[in-house]
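Trainee: One line per chain: the protein sequences are U and X, in this order. Positions -4 to 284 (our numbering) are the ones given, in order, by the first sequence. Positions 1004 to 1318 (our numbering) are the ones given, in order, by the second sequence.
Treat the hints as calculated values from the structure; they're not laboratory data. Ideal placement from N, C-alpha and C gives every residue a C-beta, glycine not left out. Among the hints, erroneous ones may be present.
Claimed, not checked - Not everything, but these chain X residues come out facing chain U in the computed CB check (under 7 Å): (1) LEU1073; (2) ARG1077; (3) ASP1217.
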Amino acid sequence: MRISIRSGLVIGWRQLFESLLSPGFYVMLSVGLALGSLLVAGFTGSIDSSGFEPQASPLYDLISRSLSGAFGATFVEKLFAEGPFLFALVAAFLPVSVYLAIASVFRFAQEKNAGAVELLVYGPADGTSYILAAFLKDLILSAGSLALIAAAFAVEAALTNLLLGPLFLWALAALFLLSASFFAYGLLCSIVVVSSSSAIALFLGISLVFSLVFAGSFTIVSAPVRTLSSTAAALLSWISPFFYAGMIFRGVQAGSQGAVLAGLLLLAFLSALLVLAGRLIIDAKGVRA
Amino acid sequence: MIRTRGLVKRYGAFAAVNGIDLNIPRGEIYGFLGPNGAGKTSTIMMLLGITRPTAGEIHLFGERYSPRRLDLRRRIGVVPEKHPRGVWHWMSAAEYLRFFADIFEVPRRNERIGMLLEKVDLAAFQKRRIGDFSRGMLQKLSIIRALLADPDILFLDEPISGLDPLGIKQVRDLILSENREGRTIFISSHQLSEMEKICDRVAIISRGKLIAEDAMESILSRISSDREIRVELETVPAALPARVKDLPFVRDAAAEGNVLTVKIQREGDFRKPVAEFLISQGLVALSLAEKALSLEEAFITITQENVVELAERGE
């Protein structure tokens, strides 16, 4: 095991270095930061004497209407109760995390098909080393991106006389663990299917299902839909990272530290479980193209 | 060094490898031959720990081997048939080798990489991107990668496939020089003429079973009950084959044009007595040579015999 982990760290370090040389990561990070900055600027434009008025800004009018439609008005009220940074953080991190997850899924499947993973495991490495390498690389890039976005928002908060808010730190931890579980899902997809395009399609499909069920669990449109979404949510909740993210969000709102910690731990546990499942599958399937 | 007992690999009902026993001692160059689909790759994958055997045991360096024995994998160097294209292509040769040296925890890696690059005349290209390497250069790089950790066993899959004659010679010399340093070499290849030049022992596998395993000379002599001496003469008198047949060591003789073919018994060198007999008959031999059976012919004969035998048994 020690040899496997050590080899995983060497491969992970190499993958991290390659990712840092790739322009894609910086492009998505810049897009995220620009989007976040735009949202913060839009928020300041929506504040009048009565406080935050989404209707005052066309951008926020559109955002609040869309989010209310998907998650309900209460959710939107709570989201913006402490300022723009919570939503801006999610919006800024989303492009980076989606890019990292898809790039990892693509890379794993491509390297497996090209025989590169097989070449690595001819040496003192195994499937576990490769999974560990890819996962650690994603975690480091994800943590780095969140730190950079948080630093940029801290500067912006100081410049605009706004507060990041007490929820902000919790949101950083939750987003980090949420992205970790999606990275783990991505790895699992690349292990179970053959081609990189199938792996990406499967990963996007799973993410879409989780998103729809998550949105559905907030919406009360009509009794049959609610019943349907509630049933689906109940079935999928234990494997959906969004369910645990929702638990954290609700815990913070209710001031329940226990619920927040439980949500964070369960998210971490889900990621660990997915990585373990990936390891067992790759051990059974092998790494041959 | 490598020992297997009753090695079996099944994919559903199909047995790709069906009870193979190998015993390869230290310092040997061992050729592993077989037609496509014979079970070569499945056997090698099990020996490398990439796939698990369905049944049977593998012992490497005297220890029981399984895919989890990463410590033993450190002592194995592998040169696959093809280097993965499009992956790591942006790396320089030196960078690529440093990456693998780190995985294998090679001590004094830069020194070792420099020495190995010198050995195969790639030192001048160490800063060049491997994406720009030719097939031959990639193959040499692949061999260096396999040698980085100074392995006890070197597995080579089609090591000279796609190489030009100079490349073939360089790789052959490298294999022989590594073997002289005490390394055990396991080669799987379809280039039988090349295998014949370098292997101490060969094994032939067909339909998942080991059908022959012996020293090269024994494999060649085993399938040939008679040897042939071919003599090119200025003219061949009509009665000559009958007179040659009377020689005690000759089993058969025939003439075609100005070439006399003499089938002789297995043991002994009869070129001189044949030449003396022809001179005594007043004939001038333009050339005289014993036709050596090639590994290719041996391979074809042995695998065909196996197919016929299996067909007769209804398998």
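Trainee: Now tell me if each hint is right for this structure.
Mentor: Outcome of the hint check:
Given hint, LEU1073 (chain X) at the interface with chain U, holds; its Cβ is 4 Å from that chain's nearest Cβ, closer than 7 Å. Against a cut-off of 7 Å between C-beta atoms, the interface hint on ARG1077 (chain X) holds, since the closest Cβ of chain U lies about 5 Å away. The restraint placing ASP1217 (chain X) at the interface with chain U is violated, with a minimum CB-CB distance near 29 Å, outside the 7 Å limit.
Violated hints amount to a single one, hint 3; each of the other numbered hints is respected by the structure.
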